Every structure is written in structure tokens, then in C-alpha cells.
Amino acid sequence: MDTSLTVKLRILADAAKYDASCASSGAPKRAAGREGLGSTTGAGICHAYTPDGRCVSLLKILMTNVCLFDCAYCINRRSSNVRRARFSVDEIVNVTVEFYKRNYIEGLFLSSGIIRSPDYTMEQMMLVAKRLRRDEGFAGYIHLKTIPEASPWLIEQAGLWADRLSVNVELPSSQSLRRLAPEKDSASIRTAMGQMSERISEAKAERRRFAPAGQSTQIIVGADDTTDEGVLAMSAGLYDGFRLNRVYYSAFSPIPAASPVLPIKPPQLIRENRLYQADWLLRHYGFTVPEIVAGGAGGMLDLEIDPKLAWALKHRERYPVDVNSAERELLLRVPGLGKRAVDRIVAARRWTTLRLADVARLTAGLKRARPFLIAADHRPVGLTDRLDLRARLVTPPRQLSLF
Amino acid sequence: MASHHVVLSRGADLAGFRRAVRALLAASAVPDDVEWSAEGAGLFGSEALPDGPPVALPRAVGELISHVVCHSDPERYALLFALVWRIQMGERSLLEVASDPLVHRLALMDKAVRRDLHKMHAFLRFRRADEEAGAERFTAWFEPDHFILEAAAPFFVDRFRRMRWSILTPMGSAHWDGSELAFGPSGRRADAPPTDAFEASWRGYYESTFNPARLNPAAMRGEMPRKYWRNMPETAAIPALIRSASSRVEDMLQREAAMPTKRDPQKAVAAMANQDPETLDALNRIIAAAEPFVHGGTRAVLGEGPVGAPLAFVGEQPGDQEDVQGRPFVGPAGQLLDRAMAEAGVDRSRSYVTNAVKHFKFEQRGKRRLHQTPTAGEVKHYRWWLIRELEFVQPRLVVALGATAVLALAGKALPIGRSRGSAQFLDGFAGFITVHPSYLLRLPDEAAKREAYAAFVADLVQIHALAASGDGRTLSAAE
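From first to last, the protein sequence lines stand for chains B and V.
Counting with the numbering used here, you get residues 539 to 941 for the letters of the first sequence.
Counting with the numbering used here, you get residues 204 to 682 for the letters of the second sequence.
It is worth saying that the hints were derived from the structure and are not from the lab.
Since this is a predicted model, take the numbers as computed values, not measurements.
One should not assume that every hint holds.
To be verified - List of simulated lysine-lysine pairs, DSS-like, C-alpha gap at most 30 angstroms:
{"no.": "1", "chain 1": "B", "residue 1": "Lys567", "chain 2": "B", "residue 2": "Lys742"}
{"no.": "2", "chain 1": "B", "residue 1": "Lys742", "chain 2": "B", "residue 2": "Lys877"}
{"no.": "3", "chain 1": "B", "residue 1": "Lys668", "chain 2": "B", "residue 2": "Lys742"}
{"no.": "4", "chain 1": "B", "residue 1": "Lys668", "chain 2": "B", "residue 2": "Lys567"}
{"no.": "5", "chain 1": "B", "residue 1": "Lys567", "chain 2": "V", "residue 2": "Lys314"}
{"no.": "6", "chain 1": "B", "residue 1": "Lys905", "chain 2": "B", "residue 2": "Lys852"}
{"no.": "7", "chain 1": "V", "residue 1": "Lys583", "chain 2": "B", "residue 2": "Lys668"}
{"no.": "8", "chain 1": "B", "residue 1": "Lys803", "chain 2": "V", "residue 2": "Lys465"}
{"no.": "9", "chain 1": "B", "residue 1": "Lys905", "chain 2": "B", "residue 2": "Lys877"}
{"no.": "10", "chain 1": "V", "residue 1": "Lys615", "chain 2": "V", "residue 2": "Lys652"}
{"no.": "11", "chain 1": "B", "residue 1": "Lys877", "chain 2": "B", "residue 2": "Lys567"}
{"no.": "12", "chain 1": "V", "residue 1": "Lys314", "chain 2": "B", "residue 2": "Lys877"}
{"no.": "13", "chain 1": "V", "residue 1": "Lys615", "chain 2": "V", "residue 2": "Lys583"}
{"no.": "14", "chain 1": "V", "residue 1": "Lys430", "chain 2": "V", "residue 2": "Lys314"}
{"no.": "15", "chain 1": "V", "residue 1": "Lys583", "chain 2": "B", "residue 2": "Lys567"}
{"no.": "16", "chain 1": "B", "residue 1": "Lys905", "chain 2": "V", "residue 2": "Lys314"}
{"no.": "17", "chain 1": "B", "residue 1": "Lys742", "chain 2": "V", "residue 2": "Lys615"}
{"no.": "18", "chain 1": "B", "residue 1": "Lys742", "chain 2": "V", "residue 2": "Lys583"}
{"no.": "19", "chain 1": "B", "residue 1": "Lys852", "chain 2": "B", "residue 2": "Lys877"}
{"no.": "20", "chain 1": "V", "residue 1": "Lys570", "chain 2": "B", "residue 2": "Lys668"}
Turn these sequences into a full structure, and let the hints steer you where they fit.
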């Protein structure tokens with residue numbers, strides 16, 4: 539690959555890395571035929587991990603980092619002095635195919651700065667996807683970032699080529715968006731999400747192919763002063779209203795070219811992690827936003843302990859729970875027991891009576907679960923009520939950041 | 204002392220294990236009586252037991268076995284046989300008892316093999332070294348922990364079917380020539396090409412996608428343990444990335460927010476707002492260039508008629524003839540519409556005629572292209588264009604011909620029979636609902652056909668009057 543292209547790739551990968559999503563999951567299983575290239579397995583594959591611990595699954599790049607928008611949190615805003623570059627359609631197609639053939643990636647995640655107009659930009663991005671599918675017979679994963687300001691018919695077209703579509707809500711309140719991203723507006727973002735949501739579920743019902751891996755979005759955390767409660771309420775609304783597959787939380791991260799409007803600070807990585815845990819409770823454990831937030835204080839989650847443990851410590855009267863007889867929903871509320879562990883418990887106890895050593899074989903989280911559980915040979919006498927229980931269960935947070 | 208000695212071949216000998224299980228169960232052997240060896244040439248023990256009848260096992264057990272035989276633990280066959288034996292002895296649901304020590308141990312082995320497979324699919328890197336004939340050829344060197352080459356290979360066949368490739372491992376090799384998968388003896392690292400033309404740019408990508416402000420090498424090592432690094436070209440960048448991370452972040456935090464060095468492109472920013480097509484022609488160019496939302500359609504058949512036409516007729520979709528000629532309503536249904544319009548005194552050349560769906564959706568049956576009704580979702584894909592089209596034309600009255608047009612214009616399915624007549628469509632259009640002319644063609648009975656045709660002409664007469672009498676909007680609102 540020639541050097542100028544390598545330089546461009548560096549610039550346009552650097553420009554794209556603040557988008558948290560790199561997932562390649564959710565696409566139906568498929569494989570290209572004899573003439574095509576690529577497959578999807580349904581689960582997604584991480585082909586490498588960078589030293590930030592994040593997965594490299596898709597070739598995540600911008601078509602260009604030239605942008606007419608001026609979003610304060612974004613390194614590519616028009617007032618930033620960052621070095622600019624632009625890929626041609628052919629260049630992106632070529633890099634994607636050659637990387638794919640070497641098994642570096644699962645596919646392409648294409649986004650772009652806005653050049654000329656949202657419509658023009660969206661058309662160019664779609665041209666990449668179309669060329670990959672049409673001319674290269676590419677059956678790998680394609681995630682297209684949808685530009686909500688583009689004309690609605692372009693959003694309709696994008697779903698024909700992409701496995702996943704996403705529009706970033708970016709900031710958790712429309713006031714923040716107005717202040718920090720003057721060219722964006724939350725109404726048009728929601729309109730685009732609603733449009734995609736409808737088409738995706740219609741196509742699913744009619745067994746047609748339209749963005750089969752669904753849609754996702756990203757919320758930047760820590761750029762404004764929205765509380766965790768505000769962030770989670772927004773997520774819950776998005777999951778309900780638009781049947782999103784995922785909401786990604788991205789701790790606002792220092793960028794090399796900060797805006798005077800938005801001073802940079804160290805990223806709130808632990809907060810981001812707690813939000814992901816809370817998001818999980820919301821989607822898979824039957825928790826509501828008020829319940830989750832009640833575990834913390836002032837609308838913020840407890841940074842020291844995970845939100846499920848925080849909730850349990852404030853509701854000790856509900857514990858201990860008998861591992862041999864409690865309902866599934868109750869077991870799901872036991873700290874340290876994940877969804878799969880609960881499934882295993884429920885299956886195993888049909889055939890046997892579980893002792894503590896058995897539970898240890900069913901979950902890796904026994905240390906946290908113990909004070910909240912009754913097993914055949916175990917009662918947490920007094921443990922559940924101990925005042926220092928919290929201190930005993932707090933593990934010093936893992937080194938998540940430099941600070 | 205063990206009374207049975209089973210020797211299976213090196214690696215994952217699933218066939219040998221199956222045969223041994225059948226024979227041992229037929230011979231009423233118990234786990235303690237069997238000694239397993241996995242280093243043989245594939246001979247079935249010193250004392251060859253006769254094959255036994257097939258053993259029925261739950262599907263999940265079969266899957267577990269197929270993974271665990273790949274594990275490198277020499278005890279794997281003994282553990283699996285103990286599991287099969289207990290199931291045969293009556294513990295049919297043993298696998299559900301995940302707390303059982305044996306099941307737990309096998310589950311861990313299963314997980315280890317799956318992880319190894321997953322990591323091989325993820326971390327293997329091909330390098331290109333073309334053969335003399337100039338045909339592309341890719342080779343990879345990989346070192347799995349377990350005997351997974353054969354289990355891992357189908358993934359690469361599915362994914363890289365049109366390529367020719369080899370995967371070399373210390374435990375055997377796999378070769379794909381574009382049509383057949385072959386397994387061969389183990390390879391050496393030196394047999395794979397030393398580098399690849401794309402590795403430098405791949406490493407550049409890897410370095411650039413790393414965010415130093417989120418440094419977390421422990422999480423990286425958890426998912427990508429060091430043992431894999433030496434066969435992954437990008438990992439050479441890791442030490443420097445970790446070393447420089449803190450100073451890069453410090454630098455970002457210390458740096459003053461800079462004022463933009465380029466002037467603000469205000470004109471270009473303002474011009475973004477003018478992306479909407481400004482004329483019907485411009486819109487039609489967009490429609491013509493777009494991809495069909497239905498299967499079949501070879502080209503977009505655009506609306507026809509003057510902007511400002513008092514009447515706009517919306518049909519379902521172009522048919523075979525329309526697709527061939529590239530014009531709406533020119534086939535049999537179109538001819539019938541022409542006739543009825545003429546009888547009702549409606550001038551087609553002064554009307555706007557279009558379709559809800561712009562492409563011919565059909566299924567090829569031999570030489571015939573069979574019309575297929577577009578689904579509700581497909582109609583919605585097209586709806587933006589239809590509405591924009593009508594906004595350019597600004598007709599006094601929009602006539603929905605048939606159910607698909609009603610769906611597009613009213614936003615919901617309505618029974619034609621009961622809704623026939625004036626209607627209010629979405630987006631403020633005054634509307635009129637009637638049948639699609641192709642409905643008249645499909646009626647089998649001549650008398651019914653005549654009657655329906657007369658009713659259709661009567662509708663057109665009414666439509667003509669509505670459009671001629673002034674503003675269709677007020678009219679339909681008054682009704």
C-alpha cells in the first residue's frame with residue numbers, strides 16, 4: 539500500500555476512534571458464494587485489542603475528517619486545527635477488501651465529516667457500501683453512520699447495504715446539543731432514528747433485508763453536566779421508543795485540539811463502566827431507571843461498587859435469597875450472579891440440591907453473592923445485615939485510567 | 204487393573220472415540236476399567252473389540268464431545284467416556300447439572316476449546332505470496348493451544364472461498380485451492396511469507412485507533428494474551444504505545460485551546476441548507492439513480508405530466524410494459540385508464556400520472572415476469588419521493604388508484620369498496636379513492652366488468668368535476 543494512502547489511513551482512523559462502537563454482531567449468518575468474499579457469524583469477532591483494552595473488529599474510519607459542522611466535543615469540527623484528509627470511494631473499497639483478505643477485520647464501519655451537504659456526504663458513503671456489495675461481492679459486516687440531516691430517502695437506501703445503521707445522539711440533553719453542536723438538532727436525530735426503527739422492524743416482519751443488525755447510538759458522557767439518571771433515562775427512552783440494539787456510552791476524552799468552548803479533562807472511565815453495567819441491568823435484569831439510580835446518590839451511580847450491589851445494599855430486607863427455591867427474577871437481583879449463572883442454577887436445581895461448593899462451580903461471582911444467598915449448607919447469618927458489608931465487598935477499582 | 208486399553212490417534216480423534224464408545228458400551232465396560240491413550244497411530248487398542256450398536260445421546264452432549272475431543276488434555280477421552288457412561292446409566296439430564304464436578308470440568312474444557320477456536324478465527328493473519336502463475340495465494344502461521352485445526356477450517360472456507368490459502372500450524376496444516384479443503388502435515392513458521400505489503404498500513408491503523416487517554420493494558424492482555432502476539436504483525440507497536448501514552452495525554456491536557464488557523468467557511472456552512480432538490484426534474488434524477496427497494500425492477504419509471512396539473516393519478520407500480528418503455532400507465536391497465544379518462548372528459552396530457560412504487564416488482568417464471576404486490580414496508584420506502592413529487596406538482600386533487608396507492612397516500616390500508624370517493628390524504632392533500640384499472644381487467648365476468656367499468660368512469664367524471672370546480676382541498680374538507 540502506498541505511503542500517502544497509509545498517511546491518510548492514520549489520519550482518518552485517528553479521527554474516527556472516539557466512536558465507541560466497533561461491534562460486528564447481530565448480522566444474520568451468511569457466507570459469500572464462490573465469487574464473493576466474506577461471511578458473518580452472528581456473534582462478531584474482535585480481531586485485535588489495542589492497549590486501551592478496546593476491541594478492533596471493524597475498519598473504523600471516516601471518509602473524510604473535513605467537516606462543516608462545529609461540534610465542540612469533536613476533534614473534526616470545522617474550527618479545529620487538526621490535519622485533514624479525504625479518501626476516495628475506491629480507496630476505501632480497496633483498503634477494506636485487502637485488510638479483510640488478510641483476516642485483519644470483520645468489515646467496515648464508515649462515518650464521515652459533513653462536506654458540501656449532508657446529502658452529498660451520505661451519498662458518497664453509500665457509494666462505498668454499494669461498491670463493496672455489488673462489485674466486490676463483499677458479504678462481511680458493514681456499519682454505516684447515518685447522517686440525520688440527510689434527506690429521508692437516503693436513510694431508506696442506506697439500510698439496503700448496511701448490516702447496522704447508527705445515528706449518534708451525542709449529548710444526553712437537547713440543550714447541551716444546542717450549545718455544543720450548533721448544526722445538530724435533537725428533533726432531526728430522533729426523526730431519523732424513528733424512521734430507521736420502523737423500516738428495520740417492517741423489513742424483519744416481511745423477511746426482507748434492511749439493516750438486519752439493527753441500529754445503535756452513542757452518548758458522550760462527561761462533556762456536559764447531565765446526571766447518570768438523565769443519561770439512563772435517555773437510554774431507556776431510546777430502547778423503548780426506537781428498539782435500539784445498543785446504546786454506547788463514550789467518556790468524553792481529551793482530544794489533541796480542544797475547543798475553547800469545552801475544556802478537556804481526563805475521561806470518566808469508571809463512570810462510563812458503571813453506566814454500561816446499569817444499561818445491562820436495564821435491558822436484561824428487569825431493573826428500572828429509578829431503581830438503579832436509587833443505589834447511588836444525587837442522581838449519580840456509586841463509583842465504588844457496581845449498581846446491582848449498590849441496589850442490594852440499600853434493600854437488604856429482600857435478602858438472603860434461597861438459591862434452591864427463589865424465583866428466577868429474585869436470583870437475577872443477587873449481586874455476583876449473572877444471567878447465565880442464574881440460568882445454570884435454575885436448570886441444575888431441578889436435579890440436585892445446591893450447596894455452596896456447587897454454586898461456586900456455577901458462577902465466578904460467589905464472593906459477592908455469598909452474603910445474599912442461602913444454600914443447602916449455608917446461611918449468611920448476620921452477614922447480610924453487617925454494617926461493614928459494603929467495605930468488605932468493595933474491591934479497589936481496577937486501574938482504569940492514568941489519573 | 205484396566206481391562207480395556209484404547210489407543211486413539213494423536214489430535215482430535217472424534218471418529219475413533221465414537222467407535223470406542225460404541226464398542227465399550229456393547230462390552231459393558233465401566234469407566235474405571237478403561238485406559239485411554241491418545242498418542243497412537245489410530246489403531247483400536249491391543250485387543251480389538253468388535254464395533255457396537257449406535258449410542259443415542261442428547262444433542263448437547265454430542266456438541267460437547269465434538270469440542271472436548273479437541274482439547275490437549277490427555278485425560279479428555281476418559282472424562283468424556285465417564286460422562287457418556289453415566290448418561291447411559293440413567294442420568295439423561297446430567298449435562299443440565301452444571302454444578303456436578305465432572306460436568307463442570309468438561310464445561311471448562313469445552314470453553315477452553317471454543318475460546319481457542321474463536322481466537323484462531325480472530326488472530327490468524329494471512330500473508331500474500333503469489334505463485335508463479337500470478338494467482339493470489341495467502342498463507343498463515345498459527346499456534347493454537349488445542350487440536351482445533353480441522354474444527355477451525357470451515358470458518359476460513361466460508362469466509363475466503365474465492366481465495367487460495369494455506370494455514371500452517373505445529374499440529375498440521377490446512378489447504379484450500381478454491382474448491383477443496385485438504386489437511387496435511389504440520390508446517391513451520393519459516394514456511395509462511397515473512398511479511399505482507401499491507402502490514403505497515405495495518406499497523407498504522409492499529410496505532411491510530413488506540414486512544415492513549417484510555418490506556419488499559421490489563422484489559423488488552425485479558426482478551427489478547429501475550430502468547431498470540433508474536434504471530435500478529437500489529438502487536439510490535441504495543442510497547443511504544445503504552446510507553447508514550449501518559450506523555451501524550453499530559454500534552455493534550457496542558458495544551459491551550461487553540462483558535463482556528465483557517466477562516467470560518469461561513470458560505471459553505473450556509474449552503475448546506477440548500478441540499479433539497481429544487482425542481483421535479485432534480486428529484487427525478489435522484490429517483491432514477493437510486494437503488495430499487497423491491498426485487499426485479501430494472502429501472503425507475505418516473506411520473507409524467509405537467510407541474511401544476513389539476514389532477515394527479517397515483518397507481519401501484521410500473522408493470523412489465525411500463526418497465527420496458529420506461530413510462531407509467533402504458534400497458535393494458537394504462538390503456539384502459541386512457542379510455543376511461545377520455546370517456547369522462549379528463550385530459551391525460553393535462554394530468555399528472557405516477558406510481559407509489561417506482562420500480563416493477565416481479566418474479567421471473569421462465570420467460571414471464573410475474574407482477575408481485577409490494578409489501579407495506581416497501582411502499583413506505585418509496586413514500587418520501589411520492590410526497591415530494593406531489594409537492595412539486597401541487598395538484599388540486601390526488602387520485603389513489605387501488606390499495607397500494609391508498610396505503611402510500613393515506614398512510615394506512617383502507618378497504619377500497621367502503622372508502623371509495625373523496626378522502627383526506629396525509630401531508631394535506633385532498634384526495635379521491637377509486638379502484639386500480641387492472642382490477643377491471645381481472646374481473647372474470649363480462650357483465651361485472653361492464654358494470655365496474657361504468658362505475659370507474661363515473662368516478663372519473665366526479666374527479667373531473669371536483670378538480671375543475673376549484674380548490675379540491677376545500678371541497679373534500681366540506682364533505
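Please verify whether V:Lys615 and V:Lys652 have alpha carbons no more than 30 angstroms apart.
Distance of about 28 angstroms is within 30 angstroms: holds.
Hey, V:Lys615 versus V:Lys583, does the alpha-carbon distance stay inside 30 angstroms?
Roughly 10 angstroms between the alpha carbons, so the hint for V:Lys615 and V:Lys583 holds.
Quickly compare the C-alpha distance for B:Lys668 and B:Lys742 to 30 angstroms and report which way the hint goes.
OK: B:Lys668 and B:Lys742 at ~21 angstroms, within 30 angstroms.
Do the alpha carbons of B:Lys905 and B:Lys852 lie within 30 angstroms of each other, as the hint requires?
It holds: about 18 angstroms lies between the C-alpha atoms, which stays within 30 angstroms.
Taking 30 angstroms as the top limit, are the C-alpha atoms of V:Lys314 and B:Lys877 close enough?
17 angstroms, holds
Holds or violated: are the alpha carbons of B:Lys742 and B:Lys877 at most 30 angstroms from each other?
27 angstroms, holds
Hey, B:Lys567 versus V:Lys314, does the alpha-carbon distance stay inside 30 angstroms?
22 angstroms, holds
Holds or violated: are the alpha carbons of V:Lys570 and B:Lys668 at most 30 angstroms from each other?
29 angstroms, holds
Quick one, are B:Lys742 and V:Lys583 close enough, alpha carbons at most 30 angstroms?
14 angstroms, holds
Between B:Lys668 and B:Lys567, does the CA-CA distance stay at or below 30 angstroms?
20 angstroms, holds
Is B:Lys905 within 30 angstroms of B:Lys877, Cα to Cα?
17 angstroms, holds
Hey, B:Lys742 versus V:Lys615, does the alpha-carbon distance stay inside 30 angstroms?
Holds, at about 19 angstroms.
The structure agrees with every numbered hint stated previously.
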